[in-house]
Amino acid sequence: MTRELFPAQEIGSLMKPRWQILGQHGEPLDERARAEFRVENERTHFADAESATAEALLAGRSREVGADAVRDLGALFALGLFETAGLARVYDGEARRIEMYEYPIRQMRGFQFQGHVRSFDNKYYLKAAVTDEVRLERPYHLEEFDFVQAHAHAEPKLPITGPYTLADWSYNEHYLARQRGWKGPSARRSAQREFVVDLAKHAIRPTLAALIEHGCRVIQIDEPAAGTHPDEADLVVEGFNAATEGLDAEFSMHICYSEYRDLLPQLLEAKRCHQWAWEFANRDGDGRDGYEVLKALRDYGDTREVGLGVVDVHRDEVETPERVSDRIQRAARYLGDPSRIWVNPDCGLRTRKLDIATRKLESVVRGAVLARAAFENPRA
Amino acid sequence: MHVRTGLTGPFPRSEALVSATRDLDRGRASAEVVEALYLRTEAEVVALEQRLGLDTVTGGYLRWPDLFRPFAETWEGFTVGPLTRWFETNTFYRQPILHAPPGRIPGAISARLPPPLRADPEHAGVILPGPYTFAGLLENRSGETDEALVHRLGRLLAEETRELAGLGYTTFQFTEPLLVDRPPSGASAEAVLAAYRAIQTSIGRGTSLVWTYGGDANPVFPLLDRLPVSGVGVDLAETDWEAIPSSSEPRGLGLGVIDPRTTLGEDPSEVVRIVRTLQQRRRPSTLWLGPGGPLDLVPWEPAARKLEVLPAVRQALAQRDGGSS
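Going down the list, the protein sequences come from chains Z and F. Just so you know, we're using my numbering here: the first sequence kicks off at 1 and counts up by one. Just so you know, we're using my numbering here: the second sequence kicks off at 381 and counts up by one.
Hints were generated in silico from the structure; no laboratory data involved. Some hints could be false.
Claimed, not checked - Below, simulated EDC-like cross-link-like pairs (lysine to aspartate or glutamate); rule was C-alpha separation at most 20 Å, straight line:
(1) Z/Lys271 x Z/Glu250
(2) Z/Lys123 x F/Glu415
(3) Z/Lys123 x F/Asp561
(4) Z/Lys123 x F/Glu502
What the hints assert, rightly or not - In silico negatives: residues of chain F with every beta carbon more than 10 Å from chain Z:
(5) Pro392
(6) Pro445
(7) Ala480
(8) Thr666
(9) Leu677
This one's a predicted model, so the numbers in the text were calculated from it and none came from an experiment. Don't be surprised by glycine CBs; every beta carbon is placed ideally from N, CA and C.
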């Protein structure tokens with residue numbers, strides 16, 4: 001199938017609208033939340049199919065509506081936002097998810113939550129230790145995928161946390177305890193390998209298989225921890241390969257805020273990875289070329305697709321379509337093949353208010369149109 | 381030979397303090413309530429340190445957002461910059477930005493030390509950034525060369541420790557993960573030596589310990605052995621302990637025997653075996669035992685549990701030494 005150049009896709013979560021947060025906690029919507037709901041519904045008509053639920057929610061009857069129905073509306077809202085912006089691949093903005101670690105771990109056996117660790121300032125995250133062999137309690141994300149599949153007009157693309165990141169964000173007790181003697185660097189590395197592969201084989205792979213069984217064709221495996229320990233790039237790959245072994249879907253790997261060159265060429269050993277979805281816009285500007293690293297892919301002869309981050313999710317400033325187009329064209333030159341590029345935000349847009357997120361997505365799509373025109377009519 | 385034990389970095393916040401500080405940020409708790417909880421939790425950390433027989437008390441440095449913030453917020457020439465990953469961890473610090481040659485403000489850091497330390501400076505473990513790590517992890521827009529900056533920060537830290545020594549503090553740790561992550565050489569190494577000469581002079585008869593962590597210390601041991609300080613500490617979970625060089629100098633040696641990256645407890649007999657081997661190889665005048673790095677990489681309960689290895693190891697060493705420690 002021939003696709004037009006530079007199709008756009010979503011890459012992760014959206015900030016939850018105020019009406020969803022209030023509604024799913026059973027609190028009546030305040031005026032601000034109602035206004036937010038109405039404005040967006042007039043724009044995208046996301047709630048048309050659930051008008052009775054929407055009416056009850058707007059009338060202050062959140063408890064009666066129930067948290068699940070509010071989350072359904074939240075998923076429809078995100079789908080509407082993405083599709084109205086013109087994305088070719090969409091998901092639900094992770095409307096039902098709160099984070100990307102605790103929920104998957106709670107669907108598995110072999111873990112015990114240990115308490116909170118400070119990430120910075122007064123921000124914390126809950127961290128579990130693996131205390132027994134990892135096994136899957138139940139495949140997860142199935143219901144949310146079914147919902148997206150039933151309601152999306154564009155192609156669904158499901159994001160799921162990868163085995164390396166789940167292992168890196170956990171404490172390794174079980175596998176480390178099996179190592180003999182002092183638990184130095186070499187023992188820790190062996191133990192981590194066992195942990196990553198067990199997670200991949202016994203928890204992630206069966207989940208992916210179940211999702212594929214439900215019709216999921218495009219799956220983004222999120223490995224934000226990959227850049228934390230560049231010398232473990234081989235473990236990232238081993239986890240990815242074990243998780244996807246024997247499965248038939250279009251897999252991508254999302255890594256952000258990392259020094260990608262440090263992960264190469266080991267990362268290129270990831271089989272069945274159809275697309276690298278990386279962040280670039282954050283490092284582009286102020287005299288720096290954030291896309292230059294793509295030359296390394298070309299130098300290594302890697303011909304996979306690239307999910308190109310063209311807008312920064314950590315700044316409110318909305319990139320102009322012209323700037324986005326320039327980024328796309330530069331990336332295409334470095335890769336030597338424009339047909340391999342998808343365009344997307346650097347990472348999930350949950351860091352931005354919804355109006356900013358919407359404008360950034362619109363810029364992604366309009367920038368892609370400009371870049372497409374530049375390639376298709378080079379003299380225009 | 382003396383064996384001393386103590387924390388080598390911040391202790392994790394309790395679950396109650398986690399909740400309270402979150403609530404503070406969300407406007408659901410008052411500053412007074414959180415302050416009371418800080419005081420209570422610091423007292424709990426001190427009680428734990430005392431129960432375990434640690435030689436220094438720290439109170440956990442629970443209020444310090446990161447190693448540099450008290451300096452970046454109070455010293456002249458700095459602003460507080462963007463969130464930046466702290467080495468190979470999932471924790472972050474705000475990178476100090478240095479716009480002009482730095483200057484210290486007398487009294488500013490002593491006022492930021494945990495209250496239990498201020499109440500009992502003689503037994504306090506003062507944990508400060510080392511000049512090399514401080515200079516290397518800030519964004520230097522001051523126009524000074526990196527070497528000059530290491531030297532200048534060393535002199536400022538020397539003034540700081542002189543002031544603290546005047547207040548009765550005697551034990552100072554300089555935290556230097558960058559020494560093993562990015563070992564200095566040439567002029568850079570000379571700047572580190574000069575910085576520590578200034579610091580050691582200011583401390584006088586007090587104790588100065590340079591604590592490295594997060595990487596293998598073996599490549600930097602030739603420099604560590606030249607540092608004019610009471611002792612140097614290494615992270616045994618990251619350092620190939622079997623390759624640690626021998627030494628004929630009767631210097632202090634710090635061994636990070638607790639791995640803060642895992643909640644799995646250390647086996648005391650295994651720790652004793654390694655410590656004994658290194659004792660024979662290095663013949664240290666004083667042996668410091670503690671966590672390899674900041675123990676706040678694990679939550680409160682496992683952190684407290686893991687610390688139990690320190691008195692167990694100390695007791696085992698004392699028995700084999702015939703009670704000399």
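Hints, verified against the model:
Taken as a hint, the Z/Lys271 and Z/Glu250 pair is honoured in the structure, with Cα atoms around 11 Å apart against an allowance of 20 Å. Pair hint Z/Lys123 plus F/Glu415 holds up; C-alpha atoms about 17 Å apart against a cutoff of 20 Å. At roughly 26 Å between alpha-carbon atoms, Z/Lys123 and F/Asp561 are farther apart than 20 Å, so this suggested pair is violated. Distance restraint check for Z/Lys123 and F/Glu502: the Cα-Cα separation of roughly 33 Å exceeds the 20 Å cut-off, and the hinted pair is therefore not satisfied.
Against the 10 Å criterion, F/Pro392 falls within the reach of chain Z, whose nearest CB is about 7 Å from its own CB. Consistency note on F/Pro445: stated as away from chain Z, yet its beta-carbon is not over 10 Å from all of that chain's, at 5 Å minimum. Residue-level check passed: F/Ala480 sits 21 Å from the nearest beta carbon of chain Z, beyond 10 Å. Look at F/Thr666: its CB is around 23 Å from the nearest CB on chain Z, clear of 10 Å, so calling it non-interface holds up.
With a least beta-carbon separation of about 7 Å from chain Z, F/Leu677 fails to lie farther than 10 Å from that chain, contradicting its non-interface assignment.
The structure fails to meet hints 3, 4, 5, 6 and 9 from the earlier list, while all remaining hints are met.
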